[in-house]
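Engineer: What follows is each chain in one-letter form.
Protein chains: 4
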Amino acid sequence: MDFASDNAGGASPRILDAIVAANGGFTPAYGEDDYTRAATKMLSETFERPCAVFLVATGTAANALALAAVTPPWGAVFCHEDAHISDDECGAPEFFSGGAKLVGLHGPHGKITPEILAATLAKYPRGLVKQVQPAALSLAQATECGAVYSPAETARLADLAHEAGLAVHMDGARFANAVEALGCTPAQASWQAGVDVLSFGATKNGALACEAVIVFDPDRAADLAFRRKRAGHTLSKGRFLGAQMKAYLEGGHWRELARAANAAATRLADGLAAIPGVRMPWPRQINEVFVVIPAAMDRALRQAGARYHDWGVRGLTPMQEPGADEVFVRLVASCSTTAEQVDGFLRVARAAAGRQGRPTY
Amino acid sequence: MDFASDNAGGASPRILDAIVAANGGFTPAYGEDDYTRAATKMLSETFERPCAVFLVATGTAANALALAAVTPPWGAVFCHEDAHISDDECGAPEFFSGGAKLVGLHGPHGKITPEILAATLAKYPRGLVKQVQPAALSLAQATECGAVYSPAETARLADLAHEAGLAVHMDGARFANAVEALGCTPAQASWQAGVDVLSFGATKNGALACEAVIVFDPDRAADLAFRRKRAGHTLSKGRFLGAQMKAYLEGGHWRELARAANAAATRLADGLAAIPGVRMPWPRQINEVFVVIPAAMDRALRQAGARYHDWGVRGLTPMQEPGADEVFVRLVASCSTTAEQVDGFLRVARAAAGRQGRPTY
Amino acid sequence: MDFASDNAGGASPRILDAIVAANGGFTPAYGEDDYTRAATKMLSETFERPCAVFLVATGTAANALALAAVTPPWGAVFCHEDAHISDDECGAPEFFSGGAKLVGLHGPHGKITPEILAATLAKYPRGLVKQVQPAALSLAQATECGAVYSPAETARLADLAHEAGLAVHMDGARFANAVEALGCTPAQASWQAGVDVLSFGATKNGALACEAVIVFDPDRAADLAFRRKRAGHTLSKGRFLGAQMKAYLEGGHWRELARAANAAATRLADGLAAIPGVRMPWPRQINEVFVVIPAAMDRALRQAGARYHDWGVRGLTPMQEPGADEVFVRLVASCSTTAEQVDGFLRVARAAAGRQGRPTY
Amino acid sequence: MDFASDNAGGASPRILDAIVAANGGFTPAYGEDDYTRAATKMLSETFERPCAVFLVATGTAANALALAAVTPPWGAVFCHEDAHISDDECGAPEFFSGGAKLVGLHGPHGKITPEILAATLAKYPRGLVKQVQPAALSLAQATECGAVYSPAETARLADLAHEAGLAVHMDGARFANAVEALGCTPAQASWQAGVDVLSFGATKNGALACEAVIVFDPDRAADLAFRRKRAGHTLSKGRFLGAQMKAYLEGGHWRELARAANAAATRLADGLAAIPGVRMPWPRQINEVFVVIPAAMDRALRQAGARYHDWGVRGLTPMQEPGADEVFVRLVASCSTTAEQVDGFLRVARAAAGRQGRPTY
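In the order they appear, the protein sequences are chains W, F, A and E.
Residue numbers for the first sequence follow this note's numbering, so the first one is 30 and each next one is one higher.
Residue numbers for the second sequence follow this note's numbering, so the first one is 30 and each next one is one higher.
Residue numbers for the third sequence follow this note's numbering, so the first one is 30 and each next one is one higher.
Residue numbers for the fourth sequence follow this note's numbering, so the first one is 30 and each next one is one higher.
Just to be clear, a hint being listed does not mean it is correct.
If several chains are the same, the list does not tell them apart, and a pair holds so long as it fits within one copy or across any two.
Stated by the list, open to error - Heads up, simulated SDA-like pairs for lysine to any residue below, C-alpha to C-alpha not over 20 Å straight-line: (1) Lys-159 with His-338; (2) Lys-159 with Pro-57; (3) Lys-70 with Gln-221; (4) Lys-152 with His-135; (5) Lys-152 with Glu-110; (6) Lys-70 with Arg-284; (7) Lys-152 with Leu-345; (8) Lys-70 with His-282.
These aren't lab readings, by the way, just hints derived from the structure by calculation.
All chains, please: the whole structure from these sequences, using the hints.
Structural biologist: So, in structure tokens, the structure goes:
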């Protein structure tokens with residue numbers, strides 16, 4: 030009953046098999062191998078456009094490299110105030126960019142609205158030397174609150190950004206889950222909606238350790254090979270990254286994996302929604318379920334061995350905040366989550382609700 | 030016949046098996062798992078001392094993190110002028126340290142001598158504000174020329190460094206091969222000889238992608254967790270790094286692998302030494318063979334599909350430099366190199382030598 | 030009628046004379062001269078405590094050096110969201126610190142409240158590797174809204190910061206004006222209230238180009254000489270910085286200058302307050318006057334040659350924001366501002382108010 | 030008798046007068062004033078070409094900003110191994126560039142030769158990802174050994190650099206002295222010979238604290254305003270930098286000052302050359318005299334209050350190195366140096382030589 034993170038599970042068997050299969054024989058090092066070449070080609074096909082691709086082992090590396098490629102040291106990156114790049118990467122974008130500033134924007138469910146973006150951009154006029162310069166908009170797809178941007182929403186924000194001369198980055202650590210939820214093509218959710226650089230995640234969705242920085246305009250990718258090398262993110266046995274990404278894409282495996290994770294979350298959300306005393310501040314969209322539960326239920330679940338994160342009040346309006354006897358938690362399903370695990374969790378939750386509900390006279 | 034790099038081969042089957050075995054079930058992310066804990070414990074045992082350990086996926090990351098931990102942005106790192114950290118990492122130490130300066134020292138076979146170190150340190154008095162400040166000595170074990178430092182040699186250099194207030198870093202990308210060549214314990218080659226921080230390599234010696242930054246004085250490791258995270262080198266599914274390192278150490282597997290690589294290089298070096306027209310500018314010590322061969326032999330070998338790097342004149346004295354009809358090459362054996370591959374290479378070399386040697390009248 | 034900035038005026042004649050007087054003869058370069066030594070000694074006397082002093086030519090340099098001395102690259106600096114270090118220095122603290130994050134806090138009149146500081150600190154627990162680490166609190170004395178912290182207010186905030194392991198920095202670009210307004214000693218406003226490092230400004234208050242980074246605990250100043258040199262802020266003819274600071278302090282000249290600037294602002298504020306249609310959203314404390322004026326008055330003043338900045342809505346509550354026919358402006362008096370200039374400005378303002386008031390039938 | 034540095038003297042009276050004259054009244058801050066505009070215009074006239082100009086207070090800032098403008102963080106700057114940017118600025122170019130590598134080249138008298146440059150460039154092929162990328166050539170005019178590059182020499186080196194895609198920077202801290210020695214125009218010594226960015230020094234030649242970064246191709250200057258601001262080098266009372274530079278250029282004052290300094294050095298060098306036991310390893314070209322003198326003479330001079338730097342063996346061939354009873358020293362004349370000071374120095378030197386020469390029976 031581990032719902033702590035989509036990193037808590039292992040790798041998809043198919044991806045693991047691909048690693049084992051890639052092990053034999055000798056190949057050129059540092060990404061000059063056929064596996065990496067094949068993965069790059071498949072990404073271009075998946076996104077219906079020639080892409081410059083840089084494989085790395087972590088999402089933080091992908092995000093920080095992508096942002097550094099489009100942001101000077103004196104640049105401002107506009108992102109949601111709760112964004113992973115701002116809160117959970119220990120300053121990686123600042124490090125890779127040489128000291129850029131992340132400007133955090135308000136917005137419901139981790140999403141940036143056009144109104145807030147426009148208002149913020151107005152405060153950062155280009156050329157005002159005393160201020161950092163507007164450089165990039167970074168959208169998380171999905172957000173830290175498990176929300177997704179529709180292609181139209183992305184396009185609206187990207188248009189504003191482009192008009193102001195910004196590049197558009199998408200943190201797609203859960204891009205697969207988002208695309209699956211949206212029912213659109215990868216291209217529709219990214220470059221066709223105005224995204225210039227995408228951190229395309231695989232690790233949370235079944236890879237062992239593999240992410241791709243995808244630059245849709247190959248001309249803008251010139252520096253990334255040096256940035257990656259210099260950051261220690263060019264794996265010497267690069268074939269293992271290539272093999273993971275290849276297996277991840279082959280036959281739409283990545284969509285299958287995301288579908289499974291989203292389905293497990295649906296089962297979990299539906300089950301919880303039916304339990305008295307449980308409330309959901311916003312609808313579930315991907316493989317994450319955010320719920321306010323009674324404190325007693327929380328205790329029962331943890332006692333039963335369930336793992337998940339207390340989410341504080343993040344993303345909640347004052348009206349939605351947990352009461353004295355409640356906690357707000359995040360439950361993450363992954364492609365490794367089984368129906369049995371979900372049902373086991375629900376059984377404990379239901380039992381706790383029952384006990385709580387019983388009159389005490 | 031791939032002698033281009035010890036990165037050209039795959040992973041040792043035992044290490045690959047360990048990755049597969051570690052895949053099941055859920056574990057905490059970001060290195061808080063039992064595999065990583067076990068690997069850390071085993072490293073402390075291997076080095077006969079409590080160690081702070083930070084696993085990462087590349088040697089460049091290990092070196093750059095280790096150096097940044099002991100060098101301020103205005104620090105000088107003294108290393109050999111041909112050192113990997115200086116020539117082959119695209120400025121990673123400069124990036125991670127925030128702009129430190131690598132000062133390259135001359136010396137035969139990639140080794141720094143006490144005389145040159147002392148003379149250089151004299152040019153960097155501590156406290157002279159206009160100059161970068163002496164911060165670290167970095168020794169490669171083995172060097173870019175495949176030479177090893179004996180524990181006594183390391184100790185002599187480390188003493189000079191410590192007297193001048195420097196920390197001592199060892200780039201041990203081929204530490205296993207060096208220790209095997211020296212016939213000493215890991216402790217003797219490292220902290221007992223004065224090394225403060227070690228980049229302990231596994232990737233070149235049979236891991237898929239795994240290196241450890243080992244800080245022998247745990248008190249000096251406080252910053253490294255933040256530096257690693259911020260550099261995007263804290264793998265979310267950290268269990269896979271832990272599993273690799275664990276399997277690498279278990280039952281002395283790492284020594285076996287290095288022994289095999291060194292033995293293959295011995296076979297290769299002995300075979301080449303017996304061929305007329307081939308000369309070795311310095312004795313082979315680890316799994317790398319540096320030889321001057323006739324240009325015709327070089328052509329024959331490459332035609333036969335052999336892969337290896339032209340080494341220019343690096344490490345050679347003017348007297349040793351290749352003549353007009355010669356080339357200087359580096360041949361690297363790895364734990365994946367078989368006797369058959371070596372013998373096949375030697376057959377082509379011998380045949381080429383025979384043709385060349387034959388009088389043409 | 031230049032009320033744009035306290036940088037718009039020249040230098041105080043006494044300071045200029047001191048520069049001229051220091052010009053003769055030869056002195057050691059790079060701050061090893063007697064003028065700098067004397068200035069350092071006088072600062073220690075002024076602050077009633079031995080201080081480590083680093084003179085530089087700009088306030089941005091002073092702030093960025095001071096912050097870098099107490100903040101690691103992965104550190105968080107807590108400051109007001111409108112702070113000069115955050116909004117007006119083009120990312121200098123990020124640059125000098127190697128990528129630290131400035132966390133902007135709400136608060137009235139540019140001031141941080143203990144409640145908001147405590148709540149923010151709670152979100153940055155020490156040791157949570159994924160987040161930047163709490164490192165420093167930076168208070169502006171006076172703030173961007175011309176408000177001052179009483180010694181008790183500073184102490185309350187500094188206590189919270191110290192309890193959380195943070196260093197306390199004070200941006201004292203207008204420290205003289207603030208101390209004068211508070212009627213306290215420099216020591217009371219700084220280290221006795223818990224300030225660890227002070228950017229002690231002189232340029233805005235009558236120097237040509239001179240600021241001091243003052244570290245109250247000399248043990249914490251070890252790195253600053255290198256940081257300053259490496260940032261190009263160690264003037265070769267350092268005597269000219271020393272001479273400015275010496276003349277600035279001698280005979281309490283700095284207090285006189287601040288008194289004059291504050292008095293001019295008082296005259297201006299009092300005059301404006303008496304004009305119908307002019308309103309002040311908060312009381313004036315130092316040499317800056319923030320007023321909402323009729324748009325017609327604004328036009329008249331600018332037509333008459335007055336210079337000052339439109340302040341948008343910064344620092345205002347929604348209730349205080351200017352109406353459709355109003356503008357919110359900042360007027361800065363300096364030690365060069367004369368009563369005639371103030372009165373001239375007021376005359377134009379009054380005349381405009383008169384015209385506006387007149388019925389148009 | 031201060032020959033320690035051309036920074037040891039004060040400012041030229043005309044420049045000081047200009048500062049005083051610029052003090053009255055109000056001007057826009059941060060370099061938007063008429064003095065700065067006039068200085069920029071005069072620099073364009075002096076160099077016979079439209080220039081982008083950025084005034085700063087120190088030579089280290091000028092060099093580091095100039096280099097950062099043409100070098101990415103992963104770039105290599107080729108300079109002489111004894112260059113000021115490499116040895117005397119505490120890593121400022123590394124800091125400003127975000128971690129670039131300075132590659133030191135051998136060469137007589139601090140000068141880089143085309144042969145060595147070509148050989149070094151061959152080791153840094155563009156696009157080899159594991160290495161830092163060739164970005165800039167930096168020439169010191171004059172060098173640390175007081176040598177000058179003729180326009181033809183500069184052009185030859187600049188051509189090699191441009192062919193390899195590098196930008197050419199000139200560290201002109203003593204540009205005035207060099208131009209005076211060469212008898213050429215500023216344009217001939219800089220952009221007409223291929224220089225792209227020049228650090229144009231004034232401080233060592235009579236300014237109080239003023240240098241200009243001059244970008245000959247204004248299109249390449251886009252980032253410098255932000256870099257300067259963010260480094261704390263945009264002076265708020267910018268008029269004082271403008272006033273200095275204006276007075277420095279007006280009526281060819283800068284050439285006069287350099288002529289005076291060079292003449293004093295000529296007098297000094299000629300006088301010393303005539304003293305038995307004194308030898309000059311290379312001819313004097315600018316305002317610096319490098320001489321090997323008897324140790325007894327050194328003692329006598331220092332006893333008499335003379336100040337100058339021991340130069341070790343820098344720039345000397347083994348044959349030229351000082352013997353057991355000799356020292357190698359650098360004597361710097363400045364525009365403040367008088368004939369009396371020179372003659373006084375020579376008197377002491379001659380007397381010491383006489384005593385030494387006298388037989389002791």
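Engineer: For every hint, state whether the structure bears it out.
Structural biologist: Consistency of the hints with the structure:
{"no.": "1", "hint": "Lys-159 with His-338", "result": "between (41 Å within a copy, 15 Å between copies)"}
{"no.": "2", "hint": "Lys-159 with Pro-57", "result": "between (48 Å within a copy, 14 Å between copies)"}
{"no.": "3", "hint": "Lys-70 with Gln-221", "result": "within (19 Å within a copy, 48 Å between copies)"}
{"no.": "4", "hint": "Lys-152 with His-135", "result": "both (15 Å within a copy, 17 Å between copies)"}
{"no.": "5", "hint": "Lys-152 with Glu-110", "result": "both (16 Å within a copy, 13 Å between copies)"}
{"no.": "6", "hint": "Lys-70 with Arg-284", "result": "within (18 Å within a copy, 39 Å between copies)"}
{"no.": "7", "hint": "Lys-152 with Leu-345", "result": "between (26 Å within a copy, 16 Å between copies)"}
{"no.": "8", "hint": "Lys-70 with His-282", "result": "within (16 Å within a copy, 37 Å between copies)"}
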